[in-house]
Amino acid sequence: MTSLPNPAPTKKLGLVIDLDICVGCHACAVNCKEWNTGGHSAPLTDWNAYSGAEAEDGEDTGAWGVWFNRIHTYEAGEGAEARTVHFPRSCLHCEEPACVSVCPTGASYKREEDGIVLVNPDTCIGCKLCSWACPYGAREYDHEDGVMKKCTMCIDRIYNENLEEVDRVPACVSTCPVSARHFGDLGDADSAVSKLVAERGGYDLMPEMGYKPVNKYLPPRPRKDTAGATGAPTRLEALAAQAADAVPTGAGGSKLLSWVDAMLSR
Amino acid sequence: MHPAASVIFFTSASGAGYGLLFLLGIAGAGGLVPGSLALGLVGFALSLGLITAGLMASTFHLGHPERAWRALSQWRSSWLSREGLAAIATYIPAGLFAVGWVFLGETRGVWGVFGLLASLGAVATIACTGMIYASLPTIRQWHHPMVVPVYLVLGLYNGALWMAVLTSTLGGEAELFLDLAIIAGLLAAAVKTAYWRSIDRAVAKTTSGTATGLGDLGRVRLLEGPSTSRNYVMREMGYRVARKHAAKLRLIAGLLGVLVPLALLPLVTLGSGGWTMIPLFLAALSGSAGVVVERWLFFAEATHVVTTYYGAEAA
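Each protein sequence line maps, in turn, to chains D and C. Quick note on my numbering: the first sequence kicks off at 1 and runs consecutively. Quick note on my numbering: the second sequence kicks off at 267 and runs consecutively.
One should not assume that every hint holds.
As the list claims (entries may be wrong) - Simulated coverage check for chain D against chain C, where a stretch passes if three residues somewhere in it have a Cβ under 8 Å from a Cβ of chain C:
1. 74–88
2. 101–112
3. 126–138
4. 167–175
In case anyone wonders, no lab produced these hints; they're calculated from the structure. Here a beta-carbon is modelled for each residue, glycine too, at the ideal position from N, C-alpha and C.
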């Protein structure tokens, strides 16, 4: 059923991606591919995997394959003020996913219980219309299977009782070496992810499209003028003054110090 | 957008077929053409043939054509599903109308009602085809109020050209359909020109800044893409080959689609006898070829917002 669930799901499982600390290592994309090539939408096929040929528009040349998660790197701003930002991009599990409502067969659907958007590979006809409707490039067609594939929010991990509880998160989240990826219920204002979004000003991608993405991105923190602006110089000055005041008088070697102190205090 | 040959053939062939069916229905019910066996046979073979060939072609680009029947289930939300249903539903009155015409020589009365229902179905199906594209906010050149009118007018135009061919050879109000073809051709040229001016002037709302949310930091440009080779999204949505030839293709579409037929049609009224067939037939062929070019351009000119993640500044 490609009509959206009514009422809208209250639980909104999603990701929060911190662009301030992502280092662009692609580990999340690699672990995503590794897990999902044996998961719900398996396999994630590749073509001409070792081809050195240049890829042409629409033609089956060059190496290509199905990935649910792709890492872009952008430069924003000019000159010395420019920032390099690594940018992981995957399905945002939108609240208004047009990829679902355009599907003619009902293969694409949004789950009532947690808002996750999935494709049923047994009923998908491979018309590709959903990939046209998605602004985020989240859906990739599998030529080998003849069906559309996309991020499943690791549906086969997050509810998997055969895994340790700590591992019941999407593969991308579990593998991120800098903890730039967070997973949780964005429909619950008290969840850790919702608090993180509120605290850091998490935002939607392409809000003008009106798809209301569930996944949020945390902006890079403001640029600092000094390296490691921890407030150290002022704290050190206070400590130095405190130490000077604490210099004991009367003891042998400290006469010199008392004299220095007296001279310098003039 | 990547122009799939099967989709271009489908929309242009079925557009002409439904245009012709629309006119056959109205002309039959209104008594503008004789309910002759010859006109019925050729008319329905051509219109239903074009429609059926187009529909068959549209399943060629599917990953699983054997599951195509499933596409009829989601009419509540999907324009593609609605198009499939409208196309199939139109076969029922069209088939009954054809039976009345070909086997009974009846095109009016209750048979005429079937004809009018077939005409209605033809309009609805073309409108659904246009809505598949017009309902996608991701492509501003498609999400445009003139997309559906262009599909309808071009269907009527090609239908009128072929109807003029049929009536001038097999009997009926040929003059009427010649005039209609000229009017529809001028109208199509006007609407399409206005559409091109509109999409050329419009400012893209989506930029690499809104796509990444980094626009506040300044101009956002791609430093490194996610893959070493072009992936599915880049090949399908980021198709670039024809866009650089857009201006030339617009000229070719206008030339083949409207100018050549409009130059040939007056020759029809000057000539007499079987000779009139030659310019008329050439006009119909040229007009149909023009729509194929227009449809190809419709895909090639479309810029998808996802390209802003892959280096485009705006889309």
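Going down the list of hints, with the structure as the test:
1. A count of 11 residues in the stretch 74–88 of chain D with a Cβ less than 8 Å from any Cβ of chain C is obtained; the coverage claim is therefore met, three being the minimum.
2. With 7 residues having a beta carbon nearer than 8 Å to a beta carbon of chain C, the stretch 101–112 of chain D meets the requirement of three or more and the stated coverage holds.
3. Under a criterion of three residues with beta carbons nearer than 8 Å to beta carbons of chain C, the stated coverage of the stretch 126–138 of chain D is upheld, 11 such residues being counted.
4. Counting residues of the stretch 167–175 of chain D whose beta-carbon sits less than 8 Å from any beta-carbon of chain C gives 0, not enough to reach three: the coverage restraint is violated.
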